[in-house]
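Let chain A serve as the given structure and place chain B on it in line with the hints.
As you go down the protein sequences, you meet chains A and B in turn.
Per our numbering, residue 1 is the first one in the first sequence, and the count goes up by one each step.
Per our numbering, residue 1001 is the first one in the second sequence, and the count goes up by one each step.
Keep in mind that the hints were calculated from the coordinates and are not lab data.
Note that the structure is predicted; figures quoted are calculated from it, not measured.
Take the hints with a grain of salt, since some may be wrong.
Within a straight-line C-alpha distance of at most 20 Å, the following computed SDA-like cross-link-like pairs (lysine to any residue) qualify [stated by the list, open to error]:
{"no.": "1", "chain 1": "B", "residue 1": "Lys1281", "chain 2": "A", "residue 2": "Thr353"}
{"no.": "2", "chain 1": "A", "residue 1": "Lys85", "chain 2": "B", "residue 2": "Pro1220"}
{"no.": "3", "chain 1": "A", "residue 1": "Lys281", "chain 2": "B", "residue 2": "Asp1136"}
{"no.": "4", "chain 1": "A", "residue 1": "Lys281", "chain 2": "B", "residue 2": "Thr1353"}
{"no.": "5", "chain 1": "B", "residue 1": "Lys1281", "chain 2": "A", "residue 2": "Leu332"}
{"no.": "6", "chain 1": "B", "residue 1": "Lys1281", "chain 2": "A", "residue 2": "Leu165"}
{"no.": "7", "chain 1": "B", "residue 1": "Lys1281", "chain 2": "A", "residue 2": "Asp216"}
{"no.": "8", "chain 1": "A", "residue 1": "Lys281", "chain 2": "B", "residue 2": "Ser1315"}
{"no.": "9", "chain 1": "A", "residue 1": "Lys281", "chain 2": "B", "residue 2": "Glu1169"}
{"no.": "10", "chain 1": "A", "residue 1": "Lys281", "chain 2": "A", "residue 2": "Leu352"}
{"no.": "11", "chain 1": "A", "residue 1": "Lys281", "chain 2": "B", "residue 2": "Phe1314"}
{"no.": "12", "chain 1": "B", "residue 1": "Lys1281", "chain 2": "A", "residue 2": "Arg351"}
{"no.": "13", "chain 1": "B", "residue 1": "Lys1281", "chain 2": "A", "residue 2": "His327"}
{"no.": "14", "chain 1": "A", "residue 1": "Lys281", "chain 2": "B", "residue 2": "Ala1350"}
{"no.": "15", "chain 1": "B", "residue 1": "Lys1281", "chain 2": "A", "residue 2": "Ala350"}
{"no.": "16", "chain 1": "B", "residue 1": "Lys1085", "chain 2": "A", "residue 2": "Asp141"}
{"no.": "17", "chain 1": "A", "residue 1": "Lys85", "chain 2": "B", "residue 2": "Ser1219"}
{"no.": "18", "chain 1": "A", "residue 1": "Lys85", "chain 2": "B", "residue 2": "Gly1218"}
{"no.": "19", "chain 1": "B", "residue 1": "Lys1085", "chain 2": "A", "residue 2": "Ser219"}
{"no.": "20", "chain 1": "B", "residue 1": "Lys1281", "chain 2": "A", "residue 2": "Arg324"}
{"no.": "21", "chain 1": "A", "residue 1": "Lys281", "chain 2": "B", "residue 2": "Glu1164"}
{"no.": "22", "chain 1": "B", "residue 1": "Lys1281", "chain 2": "A", "residue 2": "Thr4"}
{"no.": "23", "chain 1": "B", "residue 1": "Lys1281", "chain 2": "B", "residue 2": "Leu1308"}
{"no.": "24", "chain 1": "B", "residue 1": "Lys1085", "chain 2": "A", "residue 2": "Asp216"}
{"no.": "25", "chain 1": "B", "residue 1": "Lys1281", "chain 2": "A", "residue 2": "Ser219"}
{"no.": "26", "chain 1": "B", "residue 1": "Lys1281", "chain 2": "A", "residue 2": "Glu169"}
There are 2 protein chains.
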Amino acid sequence: MDATFDGAVVRADERARERFYDSRGYGSPVDGALELAPVEAAHLLFRGDLDSVVDGRPDADGEELDFRGFLATTAVSEVAFSVYKDLRDRGFYLAPESGGDATTSDAETFAVFPRGSGPWDDQVAYRVRPVSERADVSAADLLALADADGETTGVLGVVDEESELTYLELSRPAITGSSFHDIPDGVIGDLLADRVLVTDPPTALHERAFYGQRMDDGSPHLQLSLVEAAYLAGLGTLDVDGGQEALAERGRAVEGERFDRRLRAYSALRTAGVVPKTGFKFGADFRTYADVTSVEELGHSELLVRVLAPGTVFSPIDLALDVRLAHGVRKLMVYALTGADAGIEWLSVARLTP
Amino acid sequence: MDATFDGAVVRADERARERFYDSRGYGSPVDGALELAPVEAAHLLFRGDLDSVVDGRPDADGEELDFRGFLATTAVSEVAFSVYKDLRDRGFYLAPESGGDATTSDAETFAVFPRGSGPWDDQVAYRVRPVSERADVSAADLLALADADGETTGVLGVVDEESELTYLELSRPAITGSSFHDIPDGVIGDLLADRVLVTDPPTALHERAFYGQRMDDGSPHLQLSLVEAAYLAGLGTLDVDGGQEALAERGRAVEGERFDRRLRAYSALRTAGVVPKTGFKFGADFRTYADVTSVEELGHSELLVRVLAPGTVFSPIDLALDVRLAHGVRKLMVYALTGADAGIEWLSVARLTP
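Next up, chain A with everything else stripped away, as it sits in the complex (with noise of 0.2 Å):
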């Protein structure tokens, strides 16, 4: 079976598109016959399906390149490679979304059929980035990766330096709950350096709508952070020396545009009645109770939250982390992308397995 390298494709003569690609959906029929990406014909060679490939390349004087040999030329990324291999594994059919050129390969993305589909079916169950741990990836491709639409999951499928393969989930999350109570105005707070005291709280305040922590059990005193007092005082309900401003100033004092970031997102959770609170334990902004109609009667905390810039660029193994870090808590990972003056764009992020 001949099988030839140009530099950009493998094209292999009709019998090979009745093997490959009629019955195993590798590659594109292209006048009867059949054009593989270098990654497919990678997978061809791995399997011994293909014995070699000849090397066609203009500077190339005609070589037989076995799997070693064709890996060696760098037409394809290692990196694409193990996640074709594992998803094909998994029994899934798939293709190579742009060229599956050797320079961009890391950027490439896979269609990959429902399990019994194949190229020659409409359908795309999920569209997979295949990247290196080592290699950084924008929120902003994340967010375009979770676009992916109708039935159709982003996914970003992470090879670690082992050459494990780690799937990431991306969706775009509803935020929305139930958690909305009256809570009269006129409430008194004292600044102090990090917090608000509040010594003489409505009870609505801390045991219906879940701001603040008591000092004590029975304690009458209620500290509430600067941000759920920010947010207090922007309503109307919390009177403190300085107003909102006094409050965002001494969080902007530590943690400068942070805390802008955390107030937005705090304020859009509560608008959206959805009940913040400190994920510190998680090693996130914050977890969320969507449905909470008093403290006594609290449910699970759905959602880890953690504000990020717009231009945040992650490293894979924060992801890992992050993820890896809700799922032991039985929580879903969710970043809220927010500038100083922009909208919300929410995003998350779960384990995934084909």
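Coordinates of chain B only, in the frame set by chain A:
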């Protein structure tokens, strides 16, 4: 009972000494009377053991300060107060080790005496540094705290923005293992973009010493990570075009100096008989196995190792994230603090319930 605040300490009479120091370990006796650090006085005010403190500062007019009024003087940070109160609630006697000066109160430490002991005894169970979740902590400070001598444990007491406490125990762990294996020299590897492919590896390399990863069950091909390959090339075990330097260069191309730090930590672990494998799925650089005899009889990995520059400044929330995750997977979180040309300081951080 008369107690006067002079801006630095609160002085009270002999009756106060009997009642607060002799029987409950507050303050220090001075000439038969009692000197209280602000945080101690605040706690007595909070409990109602003291009704008020006279403001005896030069520019004050002798006002009587209650708990709320005393906190408002900012003589004591609410962070230090939260930690002091929590440890008292847990049944400990404790004493500030610095003067308890308000301007440095976040940097002061508490000597916490063993249960049933007090300041009149010699033993210290924990040396606790109170810190706000929003304050950064340098690696150097954590190492100094980990050096608490003898039977004293160094502890970071983190107060999150909702005034909840998290205690982190700091230690310098011993890094030792028994994983030593003979591997024949002359292993041949091909440097790909991001890893090394060994097509004909000796059995001991993976099956006994746990280097690399089989490409497939039963496949002869072994993939080595760049850091594994660089270490083996340095030993003279692995032959790759360009040797260790070519591998390190490839590593640096993406990670910069971080690759050298990781290689240094990797080498130190292997030299100590400990096998490091990627910690990617746990968001760490390495997970480690102390006693590997063969891959088939691999036990549980004991440590998660993150490699950092010695000048690293931690945000407490990052520590909380790492420690929570490590705890969840029954491993100890260890930081390897290492520069390009220096030794490694090992620092472990774990959750503690005093």
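Structure-based check of all given hints:
1. Lys1281(B) <-> Thr353(A): Holds, at roughly 14 Å.
2. Lys85(A) <-> Pro1220(B): It holds: about 16 Å lies between the C-alpha atoms, which stays within 20 Å.
3. Lys281(A) <-> Asp1136(B): holds (16 Å)
4. Lys281(A) <-> Thr1353(B): Holds, at roughly 14 Å.
5. Lys1281(B) <-> Leu332(A): holds (17 Å)
6. Lys1281(B) <-> Leu165(A): holds (9 Å)
7. Lys1281(B) <-> Asp216(A): Violated - the C-alpha atoms of Asp216(A) and Lys1281(B) are around 39 Å apart, more than 20 Å.
8. Lys281(A) <-> Ser1315(B): The given pair, whose Cα atoms are some 13 Å apart, holds under the 20 Å limit.
9. Lys281(A) <-> Glu1169(B): holds (15 Å)
10. Lys281(A) <-> Leu352(A): violated (25 Å)
11. Lys281(A) <-> Phe1314(B): The given pair, whose Cα atoms are some 15 Å apart, holds under the 20 Å limit.
12. Lys1281(B) <-> Arg351(A): Within the cut-off at roughly 10 Å; holds.
13. Lys1281(B) <-> His327(A): holds (12 Å)
14. Lys281(A) <-> Ala1350(B): Holds, at about 13 Å.
15. Lys1281(B) <-> Ala350(A): holds (13 Å)
16. Lys1085(B) <-> Asp141(A): Violated: Lys1085(B) and Asp141(A) sit about 47 Å apart, past 20 Å.
17. Lys85(A) <-> Ser1219(B): holds (13 Å)
18. Lys85(A) <-> Gly1218(B): Answer holds: Lys85(A) to Gly1218(B) is near 15 Å, not above 20 Å.
19. Lys1085(B) <-> Ser219(A): holds (13 Å)
20. Lys1281(B) <-> Arg324(A): The hint holds at about 7 Å.
21. Lys281(A) <-> Glu1164(B): With Cα atoms ~9 Å apart, Lys281(A) and Glu1164(B) stay inside 20 Å; holds.
22. Lys1281(B) <-> Thr4(A): violated (39 Å)
23. Lys1281(B) <-> Leu1308(B): Roughly 18 Å separates the two Cα atoms, so the pair holds.
24. Lys1085(B) <-> Asp216(A): holds (10 Å)
25. Lys1281(B) <-> Ser219(A): violated (43 Å)
26. Lys1281(B) <-> Glu169(A): holds (15 Å)
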